[in-house]
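Protein chains in written order, with our numbering: chain P, 13 to 365; chain A, -17 to 292.
Please keep in mind that the hints were generated in silico from the structure rather than gathered at the bench.
Yeah, the Cβ is synthetic: ideal placement off N, Cα and C, and Gly gets one too.
A hint or two may mislead.
[Stated by the list, open to error] Derived contacts from chain A toward chain P, CB cut-off under 8 Å, selection only:
id	residue
1	Glu184
2	Met204
3	Leu205
Listed below are the residues making up each chain.
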Amino acid sequence: MASVEFVNVRKSFGSQPIIKGVDVQIEDGEFVILVGPSGCGKSTLLRMLAGLENISAGEIRIGDKVVNRVPPKERDIAMVFQNYALYPHMTVADNMAFSLTLKGESKAVIDARVKPAAEILGLTHLLERYPRQLSGGQRQRVAMGRAIVRDPQVFLFDEPLSNLDAKLRVAMRAEIKELHQRLKTTTVYVTHDQIEAMTMADKIVVMHDGRVEQIGAPLELYDRPANLFVAGFIGSPSMNMISGCIDPSDPLSFVAKDGTKLPVGKPIDASPDRPLVYGMRPEFMRLDPAGIPAEVVVIEPTGAETQIIAKLAGTEVTCVFHERIAARPGDTLHIGIDAAAIHIFDETTGLRL
Amino acid sequence: MSSQSIPPPKARMTDWLQSRNATGLLFMLPAAAFLICFLTYPLGLGVWLGFTDAKIGRSGVFIGLENYWYLWHDPVFWTSVFNTVFYTLIASVLKFALGLWLALILNEHLPFKSFFRAIVLLPWVVPTVLSALAFWWIFDAQFSIISWSLMQLGWIDAPINFLGDPTNARISVIAANVWRGIPFIAISLLAGLQTISPSLQEAASLDGATSWQRFRLVTLPMLTPIIAVVMTFSVLFTFTDFQLIYVLTKGGPVNATHLMATLSFQRGIPGGQLGEGAAIAVAMIPFLLAAILFSFFGLQRRKWQQGGQD
């Protein structure tokens, strides 16, 4: 096991910069998730760590060693690919044992490593099958088994769950997390799914357009997003945002563009002509007769909760209520906002105030 | 079903005509007629001629295995069998090795990749007779460019007698055949290489495989089904080769480059012995069947290709 460090890492394909200076520190044994929309460079960053892409500038360290010029086979890392990359002409057992076979380990050593790994993943009865004969979830497990057998310094996962159906994805999520708790190997995991990131990570790195937007624990990102991008990306349904400015007569009140006044938890130090964005999470809104009137547009009952899209202060916002609400489109609801849980951002820089 | 009454014959006929099988049969007819006229009939006629003493201008009578008996004791026929097997074996091995090598190079990220891929196909698209004529000049006893270059370099004193010496002639025709055959193998294997997911190579390199191990343990096993198809075709083409030999050496010198196909033609048409020529051609069939059987077993789906859906 080892720590991993990215120091001002850059990467360009031709003249096109893909990674524009990334600094991340990953502690020994940590589960770190790189998350961001497609094309943000997260997979490229992971492949650079694996040695599958070269590094245009900066440094990547595994442990104390700079690995910029170290070929993949000497980095002692195991990777689970999005398409699993199982060798189709080898049985499950041979797939898992491949790295050991290459090292020339004896049959006894290989067995002693493969068997326990297969047991952890529930693959024991499948060891003699070929990848084609397995379901998607089983292939996923074999790919993880191949990584576990290696007992590497670092585990890399490149969107490992995106080829699975929704139900299996949730199950595998828990399985991967459990596996990490058991093996405590440093893990870097790439996904575009913020739910995966929130549920599994010790630390999330939110990436956007080749840059790191924010690094932090899941709840830290949720509670204190550093900018508009992170605020919109983390959380589902995403944060509602309303443009406006501070009420010149009352620093505890935000004025939306249509003149509606929204509550603010603590005084905001900003001049009234500075354009701001008022952010509120759907989960922190409730029905309140003294609240702000909003017109229901769409109502989506899910059983456990009711999601309502309503027009509030001239903007369509999403609200999540834990009670069942018998409203119809066109009805007016009065919505109370938890003033302590709102976020204020500068509209031009996008930064949190 | 069983409770339904059986429809009258006429209705059954109409039903059948509208079924998928009838439509299928109808669509197959033109192709079947074509195959019978242009493949089955000539093949059958050839086999029949082999059992007769037909000459040009005289339809023969059935003489049983007499042609084959004669050939069995004919040293020239056995030379041609040896030549054909030797030619096929050496040329196929060389074509496979060089074709695979070329395919591996073309599969890398090279500048002007698609240009090179197009260029490689050139020997294949040029008509055989044309390239054979070019080789005829290259291998000319006096004006050969190879001899000239080597003489300019001072490596040899006199021109090489490429097509006049038995050993040189064999090497020369094999070289020409290899040059012509490489593109087919290289492009087919390149297509096969491109079906192998690059992430398999990446996974193998992370697993600690050297590039030779990646080739031997990942690429080659996954390429075997395509190698089996391509090499079967290549062996069939090479075994039945005619044009190249006919233009370059006409089987000479002293039958050193006579293949079964060229001998069959020489005995049958210029020699006028249609029956004997046909018998030589028929004698190729067991060899070709062996090659086809080899590919049949080679092409069988391997265990790892079976089961599951993808």
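- Item | Violated hints - listed by number, lowest first | Those not satisfied come down to hint 3.
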